[in-house]
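**Student:** Sequence:
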Amino acid sequence: MAEPWSPQMEPTNLDSSLQTVKRIDSWEFGNIVLLGKNKTVVWSTRSPKQAQKPLAQLLDNGNLVLRDDKDKSSKNYFWQSFDYPSDSFLSGMKIGWDLRRNFTRRLSAWKSFDDPCSGDFTYGV
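Once you know that position 74 of the sequence shown is 74 in this note's numbering, the rest is easy, because the numbers rise by one and skip nothing.
Worth flagging that the hints you see were computed from the coordinates, not collected in a lab.
A quick note: this is a predicted structure, and the numbers were derived from the prediction, not measured.
Heads up, some of the hints might be wrong.
Derived DSBU-like pairs: lysine-lysine, alpha-carbon spacing no greater than 30 Å straight-line [what the hints assert, rightly or not]: (1) Lys75 x Lys37; (2) Lys53 x Lys72; (3) Lys53 x Lys75.
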């Protein structure tokens, strides 16, 4: 079974640590951070906002979200995986330009079957 979402890595982050992630440092400045075996950052959410009480939550629709647990609204996300689609399009995702945030979402093929770096093919509006 294929996963609905995975972090799109940059080639500079890919080394043997990708396959041996030792720790998830879940709250470095309110971000989710995957650390490799040498404590190097393999992937991070890189949210510009910081939560007082950060909470990562996998929603029923497959969206991984980062929000502040102290916020009474459970819909205020600092970061969400649906803004960074990989090679799968799930119900509730949006493709195209977000006028409010000046942000473009597009699907991107993996470089190869076992390499989640962005490949040669993208799709967007």
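**Student:** Given the hinted pair Lys53 and Lys72, is their Cα-Cα distance within 30 Å?
**Tutor:** 12 Å, holds
**Student:** Check whether the Cα positions of Lys75 and Lys37 lie no farther apart than 30 Å.
**Tutor:** 34 Å, violated
**Student:** Would you mind confirming whether the straight-line C-alpha gap from Lys53 to Lys75 stays at or under 30 Å?
**Tutor:** Holds: Lys53 and Lys75 sit about 15 Å apart, inside 30 Å.
Checked against the numbered hints given earlier, the structure breaks only hint 1 and satisfies all the rest.
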